[in-house]
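Asks: Heads up: the sequence shown at position 57 corresponds to 57 in our numbering, and the numbers run straight through without jumps.
Treat each hint with caution, since some may be false.
Unchecked claim - Lysine to aspartate or glutamate pairs mimicking DMTMM-like chemistry, simulated, CA-CA at most 20 Å apart:
hint, residue 1, residue 2
1, K21, D33
2, K21, E54
3, K21, D49
4, K21, E4
5, K21, D52
Claimed, not checked - Now the in silico label distances, taken between C-beta atoms and shown as ranges:
hint, residue 1, residue 2, range
6, L16, G41, 20 to 26 Å
7, D12, S40, 31 to 37 Å
8, D12, R51, 15 to 21 Å
It should be emphasised that the hints constitute simulated quantities derived from the structure, not laboratory data.
C-beta atoms are modelled at their ideal positions from N, C-alpha and C, and glycine is treated no differently.
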Amino acid sequence: GPGERPTAIGRDVSALLSAPKTLALADGEAECDGQRARISGGEIVLLGDPRDAEGQLSALWALANLAWANPGAGCSQALRSLDAVG
1 GPGERPTAIG RDVSALLSAP KTLALADGEA ECDGQRARIS GGEIVLLGDP RDAEGQLSAL
61 WALANLAWAN PGAGCSQALR SLDAVG
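Given these sequences and hints, build the entire structure.
Replies: Put into structure tokens, the structure is as follows:
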């Protein structure tokens with residue numbers, strides 16, 4: 001549930017000491033530090049192609065928050081594209 005969700009994302013525990021990532025969530029879209037995700041046909045898709053780990057972490061944060069706000073949306077294909085964050 002909402003009270004059990006993470007409040008930070010990062011490559012390691014040092015991310016907990018960093019400023020939180022910025023997030024904008026509205027109308028079936030989410031954006032985090034320039035990385036965007038959108039619901040299209042019931043599936044969450046990433047807009048853009050982040051290649052580095054930081055970009056992919058931002059994309060993952062946008063994706064996760066959009067999925068939490070829209071529990072019926074699928075996200076498996078978008079998750080597979082995030083190969084730098086494991």
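Asks: Does 31 to 37 Å hold as the CB distance between D12 and S40, or does it fail?
Replies: Hint holds: Cβ distance 33 Å, inside 31 to 37 Å.
Asks: Could you say whether the range 20 to 26 Å given as a hint is met by the Cβ separation of L16 and G41?
Replies: violated (36 Å)
Asks: Check the following: the C-beta atoms of D12 and R51 are separated by a distance inside 15 to 21 Å.
Replies: holds (20 Å)
Asks: Quickly compare the C-alpha distance for K21 and D52 to 20 Å and report which way the hint goes.
Replies: holds (16 Å)
Asks: Hey, K21 versus E4, does the alpha-carbon distance stay inside 20 Å?
Replies: Given that 20 Å is the threshold and the Cα spacing comes to 18 Å, the pair holds.
Asks: Quickly compare the C-alpha distance for K21 and E54 to 20 Å and report which way the hint goes.
Replies: Roughly 11 Å separates the two Cα atoms, so the pair holds.
Asks: Keeping to a limit of 20 Å between CA atoms, is the pair of K21 and D49 held or broken?
Replies: holds (19 Å)
Asks: Check whether the Cα positions of K21 and D33 lie no farther apart than 20 Å.
Replies: holds (7 Å)
When each numbered hint is compared with the structure, a violation occurs for hint 6 only.
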